[in-house]
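Chemist: So the protein sequences, as listed, match chains A and F.
Heads up: the first sequence begins at 1 in my numbering, then just goes up one per residue.
Heads up: the second sequence begins at 1 in my numbering, then just goes up one per residue.
Worth flagging that the hints you see were computed from the coordinates, not collected in a lab.
Note that the coordinates shown come from a computational prediction; the quantities given were computed from them, not determined experimentally.
Yeah, the Cβ is synthetic: ideal placement off N, Cα and C, and Gly gets one too.
Worth double-checking, as some hints may not be accurate.
Far from chain A, by Cβ distances over 10 Å, these chain F residues were calculated [stated by the list, open to error]:
(1) Asp206
(2) Arg217
(3) Asn394
Calculated pairs, DSS-like style, for lysine-lysine (alpha carbon to alpha carbon, straight line, at most 30 Å) [unchecked claim]:
(4) A:Lys502 with A:Lys187
(5) A:Lys503 with A:Lys396
(6) F:Lys352 with F:Lys105
(7) A:Lys57 with F:Lys105
(8) F:Lys57 with F:Lys105
(9) A:Lys469 with A:Lys503
(10) F:Lys57 with A:Lys105
(11) A:Lys398 with A:Lys105
(12) A:Lys57 with F:Lys57
(13) A:Lys106 with F:Lys352
(14) A:Lys187 with A:Lys57
(15) F:Lys383 with F:Lys105
(16) A:Lys57 with F:Lys502
(17) A:Lys105 with A:Lys57
(18) F:Lys503 with F:Lys444
Chain by chain, the residues:
Protein chains: 2
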Amino acid sequence: MKTLATLEPLTTRLLEIQRINSASSVLSWDQETYMPAGGGAARAEQIAVLQGLAHQKLVSPDIEQLLSQWVDPATGQAAEQPRDLWDEPSRSLLREVWRDFSRAKKLPSDFVMTVSRECSLAQQVWAEAKEQNTFARFLPNLRTVLSLKRQEAQYLGYTDSPYNALLDVYEPGSTIAALQPVFTQLKARLVPLLRRITESHVRIDDSILRHSYDQTRQLEFGRLVLTAMGYDFERGRLDLSAHPFTTSFHPTDVRVTTRVYERELQSCLFSCIHEGGHGLYDQGLDQRHFGTPLGDSVSLGIHESQSRLWENCVGRSRAFWRFFYPVLQQTFHNQLQGVDVERFYAAINCVKPSFIRVEADELTYNLHIMLRFEIEQDLIEGKVQPEDLPALWNQKMKEYLGITPTSDAEGVLQDVHWSFGAFGYFPTYTLGNLYSVQFFEQAKLEISRLEESIAAGQLLELRRWLEQKIHRWGRMFTPDHLARRVTGTTISPDPFLSYVEKKYGEIYQL
Amino acid sequence: MKTLATLEPLTTRLLEIQRINSASSVLSWDQETYMPAGGGAARAEQIAVLQGLAHQKLVSPDIEQLLSQWVDPATGQAAEQPRDLWDEPSRSLLREVWRDFSRAKKLPSDFVMTVSRECSLAQQVWAEAKEQNTFARFLPNLRTVLSLKRQEAQYLGYTDSPYNALLDVYEPGSTIAALQPVFTQLKARLVPLLRRITESHVRIDDSILRHSYDQTRQLEFGRLVLTAMGYDFERGRLDLSAHPFTTSFHPTDVRVTTRVYERELQSCLFSCIHEGGHGLYDQGLDQRHFGTPLGDSVSLGIHESQSRLWENCVGRSRAFWRFFYPVLQQTFHNQLQGVDVERFYAAINCVKPSFIRVEADELTYNLHIMLRFEIEQDLIEGKVQPEDLPALWNQKMKEYLGITPTSDAEGVLQDVHWSFGAFGYFPTYTLGNLYSVQFFEQAKLEISRLEESIAAGQLLELRRWLEQKIHRWGRMFTPDHLARRVTGTTISPDPFLSYVEKKYGEIYQL
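All chains should be modelled from the sequences, with the hints used to inform the complete structure.
Modeler: Okay, here's the thing in structure tokens:
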């Protein structure tokens with residue numbers, strides 16, 4: 001039987017490409033954390049050169065030649081029959097390399113470099129525009145990026161909508177047709193639940209989160225929780241950036257960032273836990289397969305399931321705070337004395353329409369995504385123009401959440417994604433929410449006394465389970481296949497909806 | 001007449017190569033500042049891939065073809081006659097590109113990658129070995145690196161000694177034969193001067209430098225001096241690293257590092273000024289020529305002249321402290337009250353044989369270099385084996401400075417250079433010392449009332465002069481030619497020796 005050893009001429013080349021991509025990621029990390037402002041234009045060029053090189057190498061004739069002797073170009077499946085001439089890892093590897101190769105092959109290298117350069121520049125302009133609260137400052141760059149991504153969809157090809165071409169980049173197999181019913185179901189049950197909460201006699205006072213909290217201590221507490229989760233600081237770092245993110249250069253160097261506000265205790269806290277969930281995934285990938293799809297994360301939806309599982313299912317649970325609240329109280333003695341764990345638990349689970357997606361509660365969060373899903377679909381299909389965005393954004397906020405942003409910074413400019421061309425990325429956040437509950441329910445079935453462990457501050461067993469069930473497989477299975485292997489079922493909004501209905505039904509005494 | 005416009009097909013390619021090199025420098029900077037320990041092996045591979053790519057692109061057939069239509073392969077001069085068919089910048093550019101190309105062409109790309117990988121790894125092991133004070137830990141890596149550099153000398157070719165091949169890398173045109181007389185002259189006048197100082201009745205008390213100084217405030221003061229020097233923080237950063245260094249990715253992103261010890265005030269202070277001098281050079285290069293030799297620094301000797309000019313001629317001068325000492329006193333009020341500027345000036349100019357080169361006074365510094373110059377020459381020529389280094393080091397320290405290190409960390413392990421393969425680099429430090437005095441003497445002739453300006457804290461005129469005379473020219477002229485343009489004469493130990501004889505004659509009342 002043919003094994004990965006047969007594929008070594010291919011994987012050696014992939015490893016080199018991955019190292020170029022890792023270098024490019026280091027440059028991006030630096031851009032978001034430490035780069036002096038003046039270095040931005042040069043940085044955009046450096047990243048563009050690296051991405052151009054990585055692209056050229058991926059679509060090079062020798063990779064094409066290697067692939068074409070093994071893969072059926074139409075399907076991406078291992079070419080020889082019977083199929084079991086190849087072992088399963090090899091078949092998966094070929095399928096996924098073919099996917100990357102055939103997509104890359106549709107894009108000219110010059111175009112890849114242009115996209116890279118323009119996105120890098122636009123991201124920097126976005127950060128300034130957000131700080132200055134001026135959408136107009138960002139508009140020309142957004143126009144450029146949007147037009148490039150529309151062009152990219154044309155290069156990639158699609159059925160039904162050019163937006164489908166972009167969705168598939170982030171979540172293999174994802175389409176508008178598959179996502180729309182999910183959002184419809186979510187809306188159908190979330191909106192009434194939200195109304196019942198608003199009308200509930202229970203009023204949660206979350207003002208405790210907006211007292212003054214020393215920023216250094218907030219970071220120290222974030223670091224403490226990350227360590228408890230099993231995030232390895234020998235193979236990682238925690239830094240500050242405008243928008244929290246996780247990046248990986250290799251499983252031995254996976255970095256997370258956060259932000260800290262003196263008067264928003266939940267911001268640093270939950271972004272640390274959230275990014276820590278991403279970080280554990282990347283630290284849990286199999287080093288032996290680094291550089292090949294088997295050492296790469298499977299999709300953004302699955303990636304987000306890891307961050308949301310830790311942030312919400314764990315980090316916003318009673319069990320978690322049974323252990324960690326006394327520690328937090330000790331850290332912020334003056335602010336939290338006399339506030340019992342129940343009041344704190346309610347405060348961090350307060351449901352309230354708000355402007356900022358990443359600060360949103362578990363319920364309204366998906367409405368933020370729905371809004372973006374609709375807008376970016378229209379942008380890519382050309383039904384909406386970039387200059388119409390602020391008004392459209394505010395109108396949809398009013399419609400879905402009943403509130404109207406008073407500035408672009410807390411409206412259309414809040415997210416970094418469109419600035420770096422990530423149209424089609426947002427829906428994976430909702431997929432992540434749904435997966436996170438499905439995975440966590442399964443973990444509770446398989447790990448005996450999981451909630452008791454969490455309540456004792458012991459998080460490593462859960463982490464190990466996730467590593468065994470999800471992280472270490474890389475792209476061995478498709479996202480859907482992986483979900484079925486882990487949970488026995490495919491993605492569905494029901495577990496998530498049942499979870500929030502139960503949790504918030506109790507909190508708000510519905 | 002042919003101009004740089006003619007060379008655009010070439011410079012476009014060089015620009016791409018420079019961007020790869022810049023990316024590689026970002027990765028090295030990160031390795032020395034923020035990279036988690038676990039990421040080291042992966043980092044070495046990433047840098048090796050980038051350096052391999054940059055090398056392959058430099059020696060590619062299309063660059064060779066472009067060059068060979070313009071350059072006489074034997075001399076590197078513009079091929080067509082009469083020579084003035086090319087303007088001066090074009091001739092310089094061709095000469096320097098030819099120099100880089102023909103040297104690179106002698107090295108196989110695989111070899112370049114191996115050197116890069118091994119040096120990156122060895123540098124990390126060196127840092128550990130130094131921390132653990134164990135030369136044996138570093139020895140295997142040193143052996144590997146040394147044998148690679150000896151191999152490199154063979155590839156490059158040389159007359160007289162393989163060490164000459166390596167010297168030329170850092171200081172074009174430099175040879176043992178040219179350096180030996182310089183060191184001999186230095187030794188002939190420095191050793192007696194040192195003896196007279198030791199025998200002088202003047203005893204300087206520098207214990208004030210070893211009181212307790214808050215590290216954050218030390219860094220703030222360093223930042224203040226850097227700003228006064230004209231170092232632009234919009235295009236730069238100051239970070240911490242084990243060994244202070246300067247690195248540049250583009251004139252808009254030039255970073256310096258320092259280190260801070262609570263009980264060694266001079267360490268952070270003078271490394272900030274020193275690296276700031278390097279930083280001003282790199283920030284002062286002409287952006288329009290970025291990526292070509294005309295936008296690159298001319299040699300390490302000239303580079304070091306900039307750091308030493310600021311560190312010594314300015315930073316250890318009475319004039320400088322007339323302005324900055326009151327500021328320092330204000331910063332460290334408790335420690336420095338009652339210490340007048342004369343006592344402080346004497347303390348920072350205390351001459352005393354010491355173990356650590358970078359902390360050495362202006363006089364003994366060159367003896368540290370002489371020791372390294374002799375040892376590395378013998379290492380490269382195979383007359384000395386790596387395992388003999390600690391004993392040899394200590395023996396020479398005894399001989400030249402009269403003291404014996406009590407540990408490898410303060411002996412043979414103190415410098416990073418050999419770990420990253422930089423044999424032949426140290427002599428440029430002494431060249432820098434000599435140039436620095438020659439340039440500063442010239443600046444005093446050309447800038448009216450320079451010392452008064454410095455004494456008023458006004459450093460920008462000096463910086464402008466250096467930019468105009470040196471920085472902006474890049475590699476337009478050879479180091480020697482540049483020195484003649486600036487000072488009317490070539491390199492010589494005399495101005496340096498006269499400077500130290502006068503300065504220390506006065507301090508020690510000889």
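Chemist: Output the numbers, in ascending order, of every earlier hint that fails for this structure.
Modeler: Of the numbered hints given earlier, those the structure breaks are 6, 11, 13, 14, 16, listed in rising order.
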